[in-house]
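A.B. asks: Protein sequences, first through last, are from chains A and B. Read in order, the letters of the first sequence correspond to residues 0 to 638 in numbering that gives the first Met the number 0. Read in order, the letters of the second sequence correspond to residues 0 to 213 in numbering that gives the first Met the number 0.
Hint data in this document are derived by calculation from the structure and do not stem from the laboratory. Incorrect hints may appear among the rest.
[What the hints assert, rightly or not] Cut-off 20 Å, straight-line C-alpha distance, at most; resulting in silico cross-link-like pairs (EDC-like, lysine to aspartate or glutamate):
{"no.": "1", "chain 1": "A", "residue 1": "K369", "chain 2": "B", "residue 2": "E47"}
{"no.": "2", "chain 1": "B", "residue 1": "K141", "chain 2": "A", "residue 2": "D5"}
{"no.": "3", "chain 1": "A", "residue 1": "K569", "chain 2": "A", "residue 2": "E585"}
{"no.": "4", "chain 1": "B", "residue 1": "K203", "chain 2": "B", "residue 2": "E47"}
{"no.": "5", "chain 1": "B", "residue 1": "K141", "chain 2": "A", "residue 2": "E310"}
{"no.": "6", "chain 1": "A", "residue 1": "K584", "chain 2": "B", "residue 2": "E47"}
{"no.": "7", "chain 1": "A", "residue 1": "K605", "chain 2": "B", "residue 2": "E47"}
{"no.": "8", "chain 1": "B", "residue 1": "K136", "chain 2": "A", "residue 2": "D197"}
{"no.": "9", "chain 1": "A", "residue 1": "K605", "chain 2": "A", "residue 2": "E585"}
{"no.": "10", "chain 1": "B", "residue 1": "K195", "chain 2": "A", "residue 2": "D365"}
[Unchecked claim] Just so you have them, the derived chain B footprint on chain A, three or more residues with Cβ under 8 Å:
{"no.": "11", "region": "169–180"}
{"no.": "12", "region": "250–261"}
{"no.": "13", "region": "357–364"}
{"no.": "14", "region": "588–599"}
From the three backbone atoms N, C-alpha and C, an ideal C-beta is built for every residue, glycine too.
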Amino acid sequence: MSYLADTSENPYLLMGNEAIARGALEAGVNVATGYPGTPSSEIIEALSTISQEKNVYVEWSVNEKVALEVAAAASFAGLRALCAMKQNGVYVASDFLLHLAESGTRGGIVLVSCDDPGALSSVNEGESRFFARYLEIPLLEPGNFQQAKEMAAWAFELSETLKSIVMIRSVTRLSHARGNVVFGTLPSPAVQAHFVHDGPFLDPDTGPATSFPVVHKHRLQQEKIDHARKIFDECPFNLYTGPETPDLLIVTSSICTLYAQEAVHELNLQSRVGILNLGTTWPLPSNVLVKYLSLTDKILIVEEVLPFLEEQVKVLAAEMAPHIGVKTFYGKVDNTIPKAGELNPDIVIAALSRIFHLPYESASADNLRKIQVSVPDRELTFCPGCPHRAAFWSIFTVLTQDGRQGFVCGDIGCYTLDLFPCGFSTLKTVHAMGSGIGMASGFGTLHQFSIDQPVLAVCGDSTFYHAAIPALINAIHHQSNLTLVVLDNSSTAMTGFQPHPGLPVDAVGNVAPVIDIEGICRAIGAKVQIKDPFNLKETQKTLKRMIQDKKTNVLILRQRCALIPEKRGKKEYSMYVDPEKCSGKEGECNRICTQLFGCPGIVWDKESDKAKIDEVLCTGCGVCMNICPEKAIKAEKKG
Amino acid sequence: MDKKYSKNLTKIKSRNLPKDPYNIIITGVGGQGNVMASRILGEMLLPESVVTTGDTFGASQRGGAVMSHLRISSTVWSPQIPKGKADLIVGLEPGEALRAAKDYGNSNTVVVTNTRPVYPVGVTTGRLEYPSLQHIKEALLKITDRVWFLNATDTALRDLQAPILGNTILLGAVAGLKLLPIDKKDFERAVSRHLKDRLEINVKAFQIGMKMVE
Chain A
0 MSYLADTSEN PYLLMGNEAI ARGALEAGVN VATGYPGTPS SEIIEALSTI
50 SQEKNVYVEW SVNEKVALEV AAAASFAGLR ALCAMKQNGV YVASDFLLHL
100 AESGTRGGIV LVSCDDPGAL SSVNEGESRF FARYLEIPLL EPGNFQQAKE
150 MAAWAFELSE TLKSIVMIRS VTRLSHARGN VVFGTLPSPA VQAHFVHDGP
200 FLDPDTGPAT SFPVVHKHRL QQEKIDHARK IFDECPFNLY TGPETPDLLI
250 VTSSICTLYA QEAVHELNLQ SRVGILNLGT TWPLPSNVLV KYLSLTDKIL
300 IVEEVLPFLE EQVKVLAAEM APHIGVKTFY GKVDNTIPKA GELNPDIVIA
350 ALSRIFHLPY ESASADNLRK IQVSVPDREL TFCPGCPHRA AFWSIFTVLT
400 QDGRQGFVCG DIGCYTLDLF PCGFSTLKTV HAMGSGIGMA SGFGTLHQFS
450 IDQPVLAVCG DSTFYHAAIP ALINAIHHQS NLTLVVLDNS STAMTGFQPH
500 PGLPVDAVGN VAPVIDIEGI CRAIGAKVQI KDPFNLKETQ KTLKRMIQDK
550 KTNVLILRQR CALIPEKRGK KEYSMYVDPE KCSGKEGECN RICTQLFGCP
600 GIVWDKESDK AKIDEVLCTG CGVCMNICPE KAIKAEKKG
Chain B
0 MDKKYSKNLT KIKSRNLPKD PYNIIITGVG GQGNVMASRI LGEMLLPESV
50 VTTGDTFGAS QRGGAVMSHL RISSTVWSPQ IPKGKADLIV GLEPGEALRA
100 AKDYGNSNTV VVTNTRPVYP VGVTTGRLEY PSLQHIKEAL LKITDRVWFL
150 NATDTALRDL QAPILGNTIL LGAVAGLKLL PIDKKDFERA VSRHLKDRLE
200 INVKAFQIGM KMVE
């Protein structure tokens, strides 16, 4: 039994994401969908472990837009549905979300966006909160772990009351942190799915599900938002703690609430500063705000990324100025709080110490003055035996020999590391999922302007299904001159090996039909070859031919991720360095194995000043024996 | 809104903590069992404490540093400890212990650290220099004189044939130092919740750790 189905009263130390999953279970969620993306993936993963026990349909969808469409179908069939994604997923899903907001919903439906302030595991610092405002759907932001569970459960009820999708926004430091969570009761929903569609056209419960007639439905959505505001004004998730007449009011939400509490505690300002933690941040609970803004003249707004709360609170304060007086605001606009990067308690401490003119220096400042010893950073690199290192070595070699300043357009996955020396820095554009092939499609059509650089694109296997197919169709239809390299490692590796349509298994472990990348590419009209990236010679020969060709070529480099559990601990070769042949520090090779190729499985032995294999780290892929010009790295085939 | 949703965390009567909140950092390198160690230590203090843990583990499998922050208290705290405010730093790797101590340590901080380094790839490939264990020791002692250097990984390898249990040995040492109201029973309870089939060998490792600081 999954611990998420536990009914005991003892608290569990739950990740924010697990708390959200448990909250959904306590609301009797029937359908859960998503696309993997840090820091959101554990929500769907947690629900997949309990899918059978609690009769929940769980799927890793092909992308976030489809995930939301699948969840919405459940809502229209009268079920409760949850859809989870990272912040940029909301941008992908936003076109459908725009229409869903206006069509309204039926069974409770909750969109969870896990934002990543500071881009700890992202290539953007996107804000999802503005979508709630633009698209006019209610927004909840849990401020701790217990709240994450309670809000997730309540959000379904709210969605059914309003007949609108409800959005929950978490952040990395909540989603990936843990705290005490006391469980509530788990219902055993017995439901029958049925989509009623034959009622009057305008009937929200029985008519067709559509945003037509648009202006009518838009007005309806705005009425729902007014209704939400009234509910939020009475909502216990909006909580004030502090003195009756504070010198300063902090208005905050999400995990920033805990940073604000910490800062007030560190500076001993409990008797001078009050904290208003908003759990419902769109629409703002205006009566609650007016009540607490009236307590003082100075307001500090603590939030991450953009001034979302700050702008709204200022508008409200301007409207209410005749009643509550003129306020002085501190926040992002006056640079009291930084506009980019994640926050932490120290940043809020610094903000408060400036406002109150209180000197504050942490012990770490003194440590840094006292200690000169520094530990080198742990730079990110591809794992030992990673097929991407081999693939990019071939791309680097072929582009260098070609000499026409060729480059690679890429997107999001472990292979984004090719921006850096560990991947030989051939990757020159990185944007959204699938953007590598889209960008390459563009570069590859610039021949009338005399572009003569070889254009390559890379994408992973999961990314191929997610967003690369339309761009590949575009490239072929417009006869773009490019080579797409599909780095097929048979997994969604970066986010933790979730299955995707190329694998014979679905999110809950059932057998699923495989969608074949090669077949799709051929059907579109691309010339396709499949190679093993560990075979450097074949890969480089094929790549050379492809970048000379004036057509759209696809090279599928297929080799499983080195971290795939079935592959771990199994070596094809036992590698060793022949010290007689290794030319050492003085060699003409310039230590290509350790200085350039850089696999962590090859180390530099200081005593002999020669290369050496680290038996523990080496996975025995055998690629490095073809890198060494002296043929000093040797392999013994394992039985 | 139904009252059942509004159950906020109320303060609970916590175990007899030396300080509230008591702030712990467990730090190491991807693959050393950092996150599991923080989860087990956190659960050892349930249900009589409110525990908040924050992990930074985005790309840890790809050679990065991993750091977990734990707050032990009667109420919920930020999952990030303010600079200079760690009461205890557990280093699964000595270089990471120093890095954490520089940022989060103070003159009262207790440091319990493994002595076996895990070199970054820039060091193994000969591009960067790693400070010697002696230099790391001297630097740590400039921050606080409450430092324990334990050869946890080597002991785990020698006595248990499993280097990963270095993390459990260090947890045992923390319990042995009696800095927190935790004992072997709490450890057994927490481990059987998550690693039931590895309970026996983990308990062995825990006891080895307790003995190391006697």
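A.B. asks: Hint by hint, where does the structure go against what was stated? Just the numbers, ascending.
C.D. replies: When the structure is compared with the hints, numbers 1, 2, 3, 4, 5, 6, 7, 8, 10 turn out to be violated.
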